[in-house]
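*Asks:* Sequence:
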Amino acid sequence: MSAKTAISPTRAADFPEWYQQVVRAADLAENSETRGCMVIKPWGYGIWELIQRQLDARFKATGHRNAYFPLLIPLSFLEKEAEHAEGFATECAVVTHHRLEMVRDGQTGKPKMVPTGELAEPYVIRPTSEMIIGAAFARWIESYRDLPLLINQWANVMRWEMRPRLFLRTSEFLWQEGHTAHETRDEALAEARMIHRLYADFLRDHLAIPVIPGEKTEAERFPGAEITLTIEAMVQDRKAIQAGTSHYLGQNFAKAQDITFAGRDGTIEFAHTTSWGVSTRLIGTLIMAHGDDDGLVLPPPVAPWQIIILPITPKPDTRDAVLDSCRALAETLRRESFRGEPLRVHVDERELGGGDKKWDWIRKGAPIRIEIGPRDIGSRKICLQRRDQPPDAKEFAVKDEFIRRAADILDEIHGTLLARATAFRDANIRWCDSPDAFHAHWDTQPDAAGAEGPGWLLTPWAGSRDQEEELSRRHRISIRCLPVEPPACPAAATGEIPCFLTGTPTTRRAIWGRSY
RNA sequence: CGGGGCGUAGCUCAGCCUGGUAGAGCGCCUGCUUUGGGAGCAGGAAGUCGUCGGUUCGAAUCCGGCCGCCCCGACCA
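In our numbering, each number is its position in the first sequence, counted from 1, plus 6.
Simulated DEER-style distance windows between Cβ atoms:
1. 395 x 125: 55 to 61 Å
2. 11 x 381: 28 to 34 Å
3. 471 x 127: 31 to 37 Å
4. 207 x 261: 31 to 37 Å
Keep in mind that the hints were calculated from the coordinates and are not lab data. Being a predicted model, the structure only gives us computed values, none of them experimental. C-beta atoms are modelled at their ideal positions from N, C-alpha and C, and glycine is treated no differently.
Could you put together the complete structure from these sequences and hints?
*Replies:* Following this line, the structure appears as structure tokens:
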């Protein structure tokens, strides 16, 4: 087996660069001419379409309906909720004109387009849609009978980020944003928590990513929210990625926008609202969670093609027979199903060297590769290769046997990825109950470019916001969440014990880490 | 937005210090040879040297502005 890897540098040598190389090698996306914005290529967009379809089914199953709201939000809308406005103020793209005029350059005579027709009121390109959707909710909701109102939108949003990274933080990104209104605090909280669990389950079952569900501290909350629930994923450089959030907004937005209803006793009340979202950042998380030094590794549920059939055609005279056999196998496999959907199978008939094709699909992360050559037709055998195994690992299987097992193998691959990611995460969360150990943990870690970052700490925590922010600044970390349930962690104490910093007895736990 | 690095062929980069209007490898195209594997040989196509301006007889090369990318930080549901 060759020691050569398909991706250079390796994860260990330079993780950020490795990430970019995987995005390129797997043909997922590229930077565009527009600053901070990406072109999502078919293989990457195919992953997004699958995420979208499968999540959408879960939203529908829990009573939500899709709608669509404007891209442009009147500036005055954003001003209505002070905390919200302040939170997004520094990253808004603003539309100030509504036409262009052709003018000729005085010296060169070259035509130039200049903006003209200044708008009386500028528009903000939505960084999120609470305000424009809230305005609609205010019109739609009159009585308690109109509640709950459960709406979701699939859309693009724009946040003028200072430091973009493909998929992880781009200026424009694709996401879904759920917005709901409820009669009572309890109902709204139940909604926010239900979606929170739905996200955690989705990442586990569809992306093979184990997450830690928890609550954000005040310092990390969504601007304007009362409670922000988050799912936090650990990726292979041990950094945390906030993979999805679900907010209980209290009556803050209802009061700012007059979302009121006539209650059961006839009095006018403010609705309790929620909002929640996941974005194309999930794809970045996926790459960093499962990718290896040969490229992307896709969990089968979101692989645009789950099985790649590679015809081996060494001789022109057997070529047609091999291709026919491959196409027939693909057709048969497509009648099999994986989790209720037909298997997604592709025959790669490109006129390329066999090795080129094989490595192309390794880099793209296709879960299963099947090779069929002239000799296999007679013997009814296939050569099976799995992306959760080394590139040269192969198994010769009887074709009919494989057809029956295909979906199970995909499940197995999913299980392998989830188990690996879970083991990695659990091995990199440590219990910490003293300030000295806490500081030492962050201070002694190498600050290299490679995947050698410090793991997470789990601590008892009863500190103040100021104390949290001081520790965060000092070590360039943050409280990722106050976990709903503390993760498996050797030596972790349970029950009411002293806060590691203040000594105040507490049952609360915090997870600390560096994040993207 | 601060600090650092960079922008030359599709990709990775050399050339820049010591100005004289472009090179390599990979990839691509063609042909031959190979063929259970990221092949070999030969030939070929491909670049307004990020952009605008300045210095100069002459700028990829020197100087300045701007744009973009990468890393670190600040910021960031």
